[in-house]
Amino acid sequence: MVFEILQYSFMQRALLSGAVVAATCSVVGLFLVLRRQSLFGDALSHVAFGGIAVGLFTSIYPIWTALVVSVLASLGITKLRQSTKIPPDAAVAIMLSSGLAVGIVLIGLAGGFSLDLESFLFGSILLIGMQDQIMILLLSAAVLLIVFKLHKQLMYVAFSEDQARVSGINVTRLNYLFIGLASLAVIASLRLVGVLLISSLIVIPNITAMMFGKGFKKTALISIIIAVLSVLIGIVISYVANLAPGGTIVLITIFILLGTISAKSVTKRIKMRKDIKMVESH
Amino acid sequence: MQDVASVKNLSYTYQVTSTSFSSRVLENISFSINEGDLLGVIGPNGAGKTTLFSCILGLLKDYRGEIRIFDQDIRKNSSVLKSIGYIPQQKSIEQTFPATVDEIVSLGMIGKENISKEKVASSLKMVDLSDQMHKRIGELSGGQQQRILIAKALVSEPKLLILDEPTTSVDVETPNKFYTLIKNLNQKNNISIMWASHDLDAVNKIANKVMCLNQTMFFHGDTNEFFGSNELIRMYSESSMQLHMHSHSNQKKKELDSIYIQGHVDTP
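Protein sequences appear in the order of chains E and P. By this note's numbering, the letter at position 82 of the first sequence is numbered 82, and the numbering carries on one by one without gaps. By this note's numbering, the letter at position 130 of the second sequence is numbered 412, and the numbering carries on one by one without gaps.
Everything labelled a hint here was simulated from the structure, so no lab data went into it. Keep in mind that the hints are not guaranteed to be accurate.
Quick list of in silico lysine-lysine cross-link-like pairs, DSSO-like style, CA-CA up to 27 Å [as the list claims (entries may be wrong)]:
no.: 1; chain 1: E; residue 1: K264; chain 2: P; residue 2: K417
no.: 2; chain 1: P; residue 1: K407; chain 2: E; residue 2: K152
no.: 3; chain 1: P; residue 1: K407; chain 2: E; residue 2: K214
no.: 4; chain 1: P; residue 1: K407; chain 2: E; residue 2: K217
no.: 5; chain 1: E; residue 1: K214; chain 2: P; residue 2: K364
Work out the full structure, taking the sequences as your base and the hints as a guide.
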């Protein structure tokens, strides 16, 4: 049956875009998690929702309007946070609610929810067209290339901003660039996962990967594998069982997380028992 | 002997954003560090030690006065800051931070032309942690983590090391090992060091110069001169006590203010 599904061109598009988007979200997400900005992805996706509403209201391709609005809003909030010392969680709250507010007002003016808007909220496989796929591949490639080039600097900033600054890294410029890249990653994922669930794809694979207790490169690799597998399996299951792809993908990431927690706990218990037996035998 | 760093008439005032509240932390500080110096910076909490280091490291730019590293004004030529290694006052690193020791140490080489695994290995050898190279940094003790940060600073071959109370989060047995390391880096590797510490005994034993900071600087000179003078030590203790009481009374005032703001008296 799986081979049969793979014959459909819309499914091929969804799987290819999904794998690329998953890798992009997990790579950007690792730095967001390490910077304790896990909820920033959520705020960005809600701002993107406002941008989508602008697109639907003005009859411009919504992804482009979401892209412009998200990048501008994320850079603006970063500037505001730096100049007024607003706490990071408050900045997230401001972004999140203002994006949602713009979206709701414009949707109201446009006469309510449409099928297209619903697909942006909850994700859709069927609606990924050629234009979407090109956009997803271009944005993801740009984000992955830049993050790959700057991963050491980004890791240094996540480890210690002050020490990174002393070593000559322009932390302020790097922060702006990274937030811009995070916006691009969110926009690339919009079509597939939907506004409401993007942040889970950004956060959960990384939290799971960090539980393996490896170094930076291995953690990033494990996170990418978890994210890509979740998306591919999620897309197939959602098509077969007629479920929302975004929700299915996120549920799979949560199953993997719970599985990892359980496996860790069992391994820990076995090790403890071994240690106790060793002490007793001595 | 060449000046590694020289500070002239340095003053710094913290301005709280969007209020008129300001707090002067450093006032008219002047001193220099020569090649091979190990300068112990002592002073109570709130004396301005971290602020002084932040100015020298270029983290705070809005100071008054002049800071020169190897005779270059850091405002005009910030690239000279790359010759400084910095070990901050730091609580232990988060246990889940996903980076191995060698990954953290190699961060010190960012921006350098020759990045080599050998350098990472030799820096770890200098801090006696070669066997921990592939462990995750969060698994190490506080003292080991501080030594890893020193190794990270050493890979960039600094001419000046700034250590801001490096033993704050270190377990009880480790400080002596740490002090021996600092002394070796200074004497064997010829790295000039500025080291903030509350451990006067250790400063007396290993530093060749001492600076007493208490918002203003009331002593800068040879360690023997300072610790050999009962009068200077008495003055230092008194001034530390005054600063402690001043900050304590400010804290009390803030508490009273907050009670005043939160309280409510009903109109009769």
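Against the structure, the hints:
no.	hint	verdict
1	K264(E) to K417(P)	holds, 18 Å
2	K407(P) to K152(E)	holds, 23 Å
3	K407(P) to K214(E)	holds, 22 Å
4	K407(P) to K217(E)	holds, 23 Å
5	K214(E) to K364(P)	violated, 30 Å
Of the numbered hints listed earlier, the single one contradicted by the structure is hint 5.
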